[in-house]
Amino acid sequence: MKKIEAIVRHFKLEDVKNALSEQGIAGMTITEVRGFGRQKGHTETYRGTEYAVDFVPKVKIEVAVDEDRAQLVIDTVLKAAQTGQIGDGKIFVSDLSDTIRIRTGETGGEAL
Amino acid sequence: MLTSTALVLFMTAPGLAMFYGGLVRSKNVLSVLMQCIFLMGLMTVVWALYGYSLAFGGDGAYIGDGEYLFMQNVQRIWNEAAGGPETPMSDAIPTLTHMLFQGMFFIITPALICGAFAERMKFTSMALFSLLWGTFVYCPLCHWVWDGGILAFAETADYESGETVSIAGGALDFAGGTVVHISSGISALVCALVLGRRRGFGTEDMRPHNLTYTVIGAGMLWVGWFGFNAGSELASDGLASSAFAVTHFSAAAGVLGWVIYEWFTSGKPSVLGAASGAVAGLVCITPAAGFVQPMPALIMGALAGVVCAFACGTVKKKFGYDDSLDAFGVHGVGGTLGAVLTGIFATRVCWDIDGVNKLGLIEGGGTRILIGQIVAVIVTWVFSIVATFILLKVVAALTGGLRVSEEGEIRGLDETDHSEEGYIFA
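The listed protein sequences derive, respectively, from chains H and Y.
Per our numbering: the first sequence = residues 3 to 114.
Per our numbering: the second sequence = residues 1266 to 1691.
Be careful, since some hints might not be right.
With a cut-off of at most 27 Å between alpha-carbon atoms, the simulated DSSO-like pairs for lysine-lysine come out as follows [claimed, not checked]:
{"id": "1", "chain 1": "Y", "residue 1": "Lys-1658", "chain 2": "Y", "residue 2": "Lys-1581"}
{"id": "2", "chain 1": "H", "residue 1": "Lys-62", "chain 2": "H", "residue 2": "Lys-5"}
{"id": "3", "chain 1": "Y", "residue 1": "Lys-1533", "chain 2": "Y", "residue 2": "Lys-1581"}
{"id": "4", "chain 1": "H", "residue 1": "Lys-92", "chain 2": "H", "residue 2": "Lys-42"}
{"id": "5", "chain 1": "H", "residue 1": "Lys-42", "chain 2": "Y", "residue 2": "Lys-1582"}
{"id": "6", "chain 1": "H", "residue 1": "Lys-42", "chain 2": "Y", "residue 2": "Lys-1658"}
Because the hints were derived from the structure by calculation, they are not lab data.
Owing to the predicted nature of the structure, the values given are computational and were not obtained by experimental measurement.
So here's chain H without its partners, still in its complex pose:
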């Protein structure tokens, strides 16, 4: 099993969610996050006082899938979340040792 974490722009969330649903991905978890990559943040000015805003708000989508569907999820997110501009985000892929469905106690691929 793999866990795919995609940090994307807020306005791309709906597109990513719909694209993943079309691919039969049943569930996902969303978190509001803040961070920065290569582009850093931006500067805001209030009556001449400047504030450097390093952390840019993004949304993190977490999806857990079987190993053979991981590439499909990655490709889908990539296509749906891409604008080509700086700040599109990142996708992190990691191994997932187990998944447990709390309601039934099922584990592994059955619980996904």
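Given the structure of chain H, go ahead and fit chain Y onto it with the hints provided.
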């Protein structure tokens, strides 16, 4: 007059409350709203008991007397001879109306100062300071300028014959440039200096938590200001209409002045700049509202926008004082500018003193008015600085320090002083 009176109260809460409320961090939003609403209570009671009497009672040169103490000679009385109730009159309006209208000024003036010490002054200290400041600074100043005291504008004959108590012939102050804005703005600076900067000033994120409030508040101030300035004519006549027009024009030009200045200096026109520019334009025209024509009002507003933007950005940064919400930068600087420009642009077309003499510098009235304005500004600055400094020391001694504790400041005044939160999204 009653409508104007209500409009002036509308300026404090919700107007100023929202304007200032949006500019602080979310953990301090209630503390600012509280200062506005609480002062509406406190200052009104003080005004009713003795404030109006100190400001407008008697003929003294320095301070009022007990003429209106506890609303005597203001409230309605039973006239035995006529066999009916009677309302004391001040010229064409009931003294009650005059008391109420002026009372609203008494409320908003200390509330303006709150912008300088926002996010760090203890509520008890703020309340006691406002009470003392209203009594010992506002009431005397109000009496000096508007009730025949040492800064009241002297009739030409009195001035030329030397038969006047007015220093340098006194000042033209239609709706409170000296009494309201300079006094509060300068006192605000003293407060900011005596209290010191907010913890983390210059290093931590102190961005306004809700500029939406600030813009709405600025809009309310703009609307309320019509009551402030046009109402100060104390009648519904041609000059009231003129005061209304110049007030509106100055605010409009203030928006443009501040925004264009920012556009050139920082590359982008800011929303906060537009809102601040409107207020700066309104402050600047306040002393001049009944004395200048519409075209000079446009110049005054635009100048106020640029000068106040410079004061709030560059000057504040250079000297490093923490005037949290720019009470000095907008009211102190804008009020001073307006008072001086009144001496330049005042015209007898608006306010004819004696059918002979011209007024301002541009109209050809010479320097008499301008000198009177400058002297009144200096007197007000010095008086405000000294009195505010002394009062702050007294308040600090009585309340055990002006500032909230270090932890309290970090957690926010809403929790520290009021045990409440502004936003609970449960």
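Each hint tested on the structure:
Straight-line distance between C-alpha atoms of Lys-1658 of chain Y and Lys-1581 of chain Y comes to about 24 Å, which keeps the hinted pair within the 27 Å bound. In summary, the hint linking Lys-62 of chain H to Lys-5 of chain H is supported, as the alpha carbons are separated by about 12 Å, within the 27 Å threshold. Proposed proximity of Lys-1533 of chain Y and Lys-1581 of chain Y is supported: the alpha carbons are some 20 Å apart, at most 27 Å. For the hint pairing Lys-92 of chain H with Lys-42 of chain H, the CA-to-CA distance comes to about 14 Å; that is within 27 Å, so the pair holds.
A C-alpha spacing of about 25 Å is found between Lys-42 of chain H and Lys-1582 of chain Y, which places the hinted pair at or below 27 Å, so the restraint holds. Distance hint between Lys-42 of chain H and Lys-1658 of chain Y is unfulfilled; the C-alpha atoms sit about 46 Å from each other, more than 27 Å.
Hint 6 alone, counting from the list given before, is not met by this structure.
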